[in-house]
Amino acid sequence: MKNRVVCYFSAIQTEQPVVYRLIKNYDLIINILKADINPQKEGYLVVEMEGEKDKYEGGIAFLKNLGIIVEPLSETVLWQEDICIQCGACASFCPTESLSIDRDSMLVSFENSKCVVCGMCLDCCPTRAIKLHFEVKEAV
Amino acid sequence: MTVEKTYEEINARIKRGEAVVVTAEEVIDYVAENGYEKAVQEIDVVTTGTFGPMCSSGAFLNFGHSRPRIKMKKVWLNGVEAYGGLAAVDAYIGAAQLPDFDPENKVFPGRFTYGGGHVIHDLVAGKEIRLEAIAYGTDCYPNKKVDTIITIDDLNEAYIFNPRNAYQNYNCAVNLGDRILYTYMGILKPRLGNASYSTSGQLSPLLNDPYYKTIGIGTRIFLGGGTGYVAWNGTQHHPNVLRGENGVPQVPAGTLAVIGDLKQMTPDWLVGLSFIGYGATMAVGIGIPIPILNEEILRYTLVKDEDIFCPIVDYNEGYPYSKPIDLGFANFKELKSGRIKINDKEVITTPQSSYPRARKIATILKEWIQRGEFELSRPVAMLPSADANIEFKSIPERSPSEIFLNGRNRRG
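Keeping their order, the protein sequence lines are chains A and B. Under the UniProt record's numbering, the first residue of the first sequence is numbered 1, with each subsequent residue one higher. Under the UniProt record's numbering, the first residue of the second sequence is numbered 1, with each subsequent residue one higher.
Hints listed in this document are in silico derivations from the structure and should not be mistaken for laboratory results. Please note: incorrect hints may appear among the correct ones.
[To be verified] Below, computed lysine-lysine pairings styled on DSS-like, alpha-carbon distance capped at 27 Å:
id	chain 1	residue 1	chain 2	residue 2
1	A	K131	B	K360
2	B	K213	B	K15
3	A	K114	B	K189
4	B	K106	A	K131
5	B	K106	A	K34
6	A	K131	B	K189
7	B	K189	B	K341
8	A	K131	B	K127
9	B	K333	B	K360
Please construct the entire structure, taking both the sequences and the accompanying hints into account.
Quick look at the structure:
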């Protein structure tokens with residue numbers, strides 16, 4: 001099985017070579033998507049973990065035993081209005097019309113609640129005003 | 001009574017702050033409400049605007065000299081090469097230039113996240129730019145290498161010179177093939193999955209002066225947030241094409257070469273763009289004032305979206321291989337509505353050029369003129385118009401003979 005999770009660390013846990021253990025002991029394929037560990041050694045790790053079901057669950061249990069908080073990753077699409085030049089090219093690609101053009105004013109707008117995070121809009125934006133945002137809590 | 005106004009009369013009113021200025025959108029309603037006669041007497045200027053990707057753009061830069069002096073052979077700005085085949089410390093950075101080590105389309109489709117257009121955007125935003133240059137060294141220019149950090153304030157001159165901007169009309173791009181296409185018109189979904197168009201329709205400069213009766217060499221314009229000038233006709237200027245009864249070309253026609261001081265422009269109106277699978281380029285903001293000299297000029301500015309037609313072109317085979325595939329025409333009212341019919345199929349339409357930004361440019365230019373900050377200039381020479389006999393040429397296919405095989409025809 002394969003999942004994307006966010007792991008929240010405190011200072012004590014970062015002394016552990018966590019990723020090494022996941023690979024070595026649980027035979028998991030680990031892809032680190034994003035990481036931020038601050039000088040106080042607290043922070044988070046966004047990882048994609050892939051492996052056999054029992055091994056995967058073992059790995060998650062290992063993390064939780066260390067006191068690391070593991071949560072499913074929630075991605076959101078971020079429309080950066082200050083970078084958007086209001087061309088409207090994205091509106092051809094958004095399947096839920098969360099990115100859409102008001103056909104009178106021709107203004108582009110983004111309705112977050114309709115977005116299903118398919119990512120179709122990321123490639124077609126010439127100013128790269130749309131990006132994927134990993135939802136990560138401020139502090140643990 | 002026929003009305004004839006002169007540039008001098010209009011400029012005198014601008015100086016007194018009395019000029020009546022409307023945008024190319026507003027003029028349509030103005031005439032509908034007040035009538036033709038009144039409009040031609042009262043309106044002095046109609047402002048236009050366009051903001052879209054314009055690949056044939058770039059800037060001339062003079063860096064000043066290093067100590068010791070250098071005759072730059074190759075020049076890079078943030079890793080993007082600028083053409084240095086000019087005097088010692090002059091260079092031209094083109095909007096479509098890519099960094100030397102860009103992966104391009106080796107892993108298709110390429111991302112093209114940074115290019116010459118982004119360098120110009122960063123320069124005009126006042127950001128620090130890495131300048132690298134190499135040279136072979138001469139007695140007068142002994143230095144062989146420069147590697148430093150500059151901003152636009154460190155340059156002696158920085159001016160935009162765009163060989164082809166403000167295309168008068170453009171294709172509406174579609175894909176008749178079975179695979180997704182990555183083009184300069186954006187991503188085109190297979191089997192007529194979408195249609196992509198570019199120009200600001202009834203706000204577009206050259207669609208409001210279809211025969212270039214007021215827009216000519218020396219016309220002062222809004223360029224990149226500052227003032228600039230029309231320098232020449234643009235490359236591929238092809239005015240003698242199919243036109244409607246209103247004089248508006250129904251295929252890509254006239255173009256403009258424009259020039260202006262980059263130092264007084266702003267990053268809002270020169271924006272680096274990345275077209276996936278195609279390359280990097282730059283969106284350029286252009287606004288052109290049209291003096292209402294007489295009734296004929298006013299009539300041209302009344303053009304509406306529904307009166308402007310553009311050809312629907314297949315980018316699977318039609319455009320790349322110049323195959324004549326007739327898909328008909330669409331008008332801009334239909335294109336802006338979001339749906340057009342092609343071969344009985346309803347197709348979603350989206351723009352590449354920004355209509356809201358075009359409207360903003362026309363409005364800013366209107367305000368500049370109303371405040372007396374921007375006077376109109378009479379062209380010093382006119383552009384070739386519909387009566388010109390310009391042939392649209394292609395690269396000839398010829399086999400180089402022996403004397404050319406070293407890459408050039410050596411003399412003697």
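Against the structure shown, which of the earlier numbered hints fail to hold, in ascending order?
When the structure is compared with the hints, none of them turns out to be violated.
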